[in-house]
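J.: Below are the chains, spelled out letter by letter.
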Amino acid sequence: MSGVTEETMYAAALQSLPGLGSRRLKTILDRYRSAKAAWNATWDDDLRRRLRFSTTSFGKLIEERNVFNWDGFSRKLSFYGVRPIALWDDDYPCWLSFIAQPPLVLFCQGMLKADRYTLAMVGSRKASPYGLNAAETLAMNLAERGITLVSGGARGIDTRIHAGALKGKGRTVVVVANGLDRTYPRENKRLFRDIVEQGGAILSEYTFGTEPRAQHFPARNRIIAGMAAATVVIEAALGSGSLITADFALEEGRDVFAMPGSIFAETSKGTNRLLQMGAMAVTDTDDILQVFENRGWLLPTAAAEIGEAVDLDETEKQVLKALSMERAIPAEDLMLATGLALPKLLHTLLRLQLKKAVEELPGGYIRCAAAAIRL
Amino acid sequence: MFARISGAATLGLGGHVIAVETDISNGLPSFDLVGLASTSVKEAKERVRAAIKNSGYEFPMRRLTVNLAPADLKKDTSGLDLGLAIAILASSGQIPLEACADCLFLGELALDGEIRPVNGVLPMVIESAAQGVKSVFVSSKNGAEALLCPSVTVYTAESLSHVAAHLKGDAPLKPITAQEGASDILDYDLDFSEVQGQAEAKRALEIAAAGGHNILMIGPPGSGKTMLAKRIPTILPPLGKQEALEVTKIYSVAGLLREGQLMRRRPFRSPHHTISRAGLVGGGTIPHPGEVTLSHHGVLFLDELPEFPRSVLEVLRQPLEDGIVHIARVNAALSYPSRFVLVAAMNPCPCGRYGFDDDCTCSENNRHRYIHKISGPLLDRIDLHVRVARPAYGDLVASHGAETSATIRDRVLEARARQAARLAAYDCYCNAHMGHREIKETCCLSSPARDMLREAFDLLRLSARSYDRLIKVAQTIADLSGAEQIEERHVAEAISYRNKM
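In the order they appear, the protein sequences are chains E and Y. Numbers given in this note's numbering equal positions in the first sequence, counted from 1, plus 186. Numbers given in this note's numbering equal positions in the second sequence, counted from 1, plus 318.
It cannot be assumed that every hint is accurate.
Claimed, not checked - In silico EDC-like pairs for lysine to aspartate or glutamate, Cα to Cα no more than 16 Å straight-line: (1) E/K312 / Y/D676; (2) E/K541 / Y/E773; (3) E/K541 / Y/D776; (4) E/K542 / Y/D776; (5) E/K530 / Y/E805; (6) E/K222 / E/E193; (7) E/K353 / Y/D776.
Claimed, not checked - Among the chain E residues that face chain Y by a calculated CB cut under 8 Å, a handful are: (8) R311; (9) A514; (10) L528; (11) L535; (12) R537.
Everything labelled a hint here was simulated from the structure, so no lab data went into it. Cβ atoms here follow ideal geometry from the backbone N, Cα and C, with glycine treated the same way.
Could you put the whole structure together from the sequences, leaning on the hints where they help?
T.: Now the structure itself:
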């Protein structure tokens, strides 16, 4: 592949062998000094002891190395448009190299730059309309300000974060827990394609053919937290994966933000706990930007001009007032609140949807903060 | 001696005149029945023998041959019993053969000679009348049905001996006449005013009724989807004369016609979700009409749509598209009409609360699997998608009356009249049946409407296939409001009833 050094290819091949995680790879590289040397060396019993392998699994590892299909590997790389990026490459995410166990190689679809202004945003898969709405709005506003958003591409909040970043015409990076020849969740295929097309990237530590397994997700979360200058948790129940991401961020000494939620909502118990423990509360974009500024990081100039507020006529304003930003309201209730006849109401709601001020959810209509309102 | 008498049988929805030919010759006593008779016809031998004996006539103890012509048509009806008995009596000289000319005999015989009603009388009588039959003899329970064909004289008889006496001239029967009574005003036990609230769903149902559109209601359990669906027939226009006759024929063949009256109400069928494919579209060695045909010109209501087996739902595609089902089996290939309004109801997820209540307990996966049971092509054929939320307590106890069915029906009738006038030149009478050509030639959008449609297409990612559907619905909404062309507000409302899954 063009632009990929031989050394990086050998590192990628090493990482593709089963049983070699970032810790063991580090041991190997420390011993042989280069990936190429490590690949071609005779792996002796001394190495086995250092890697803490059993004889049988070490034998298997050597066998795997001997039958490694280089042709197939590079064919897959070019077929899926994937580029391996190793720890020593220039475009390896700059924040990530500082964590305790940085992945040796990242498989990357799309464009990766050594972004400085990266922010991880995470949240649960099962989220409330409030969380989804806030996620998209925050993501859009931050992306417009030129911040690269990192998230996990999962259902729920993650998906909305990426969608929001795309709406804000910004860069966003997905870190997945499976090989890049698979798409999980499947329904996000189109979203991922849009992300790559808009200059973002899909990243994975795992080689081709790896299924998204439960044990991969915490490791994936360490990359999400590690890539970012700070982590924002939008909504998380107690014991959710988003809290693991926040833990990783804390261990690496990065800032953690949490969005306050209702004390009754299960989906906000985790974030409220984070706040209790000293996380910074997110109530608008400036809360985050301010911290970036205080840390002395220079903010890039706004990527996109902030859109002008949409102009609405009287009826539209009246309907908008009756809507909530936290839950979907059925048309029936809107009729009562506004006193409009149904055909007229539906007409107004559609006009508002076209102006992106309202969104339709399974249970009714919700005021879409991402358009007319800035957080 | 030889005799030929007219009987009739049905195949599909069509009646066929069957010539019952008997011949008595000398020889050892025997009774042979030829001419592709099914089991129920072969068993007629025993019934006829007993009925003739018990009616006071003599069963000829000679060599008796009966032929049912045309010989290649499979006959599957017990209605040939009466014709068979009369033919035997005529050929044995016990009744005059001339008296049986231009007569049709339909009825199953009891062993004591009593005449029992049979299915499919209406199509058989209509076909016979077309072939020159003047008078029809049926059981008294079939009398009203036979009378629906105006060009024949109908005699009803209690038993074989009455018919024989009439033919001999001993005790002539009186032809029966139609009993006027049923008026065009239909009264239903149900009314839309009983449903409180649900303005959005009611409006969508009104549009569905006005344009003949298929509709899908999505809502949590207990929100009133079934209650609403049951009231749809009350706002549909009454059946026209021709439609009523078609529907009556179908019900007659299916044996579901009560009292033999003309069907004036539109059929409303709601099969349970355990129904088989054959039950839905029709089937059997000689295919019988299924639920889609029984709901011809009416409503087919599928409650709990995702609970239906997927393969069953997929067979709905052809009838929904063409308004007709072609069923081919080894013994016969038949076509049944099936132009119905599909009304479907479903929950948004297995627990039924997603989007309507906060405490939905379904996983994302489960919800997807539930919704994906309904295929895209089927959803594409459903014009209106509407949410039905649980009514608020205030709605339930509200004393102010909601609109009655009669008021809604008046608007529907008006809209239908507009459609019929506009589509008179084409082979359809309501908006839902319009094809691409009809839409192009008759639907006229104002320019703001066009703009809105274009904008909505980009933003809401509407599929190309939904374009025609949107225009059809918008046209119906325009018809309901009495507008000459489709305005922006009509398009907007139509879009808000789009597929949201």
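J.: Looking at the structure, which of the earlier hints fail to hold?
T.: none
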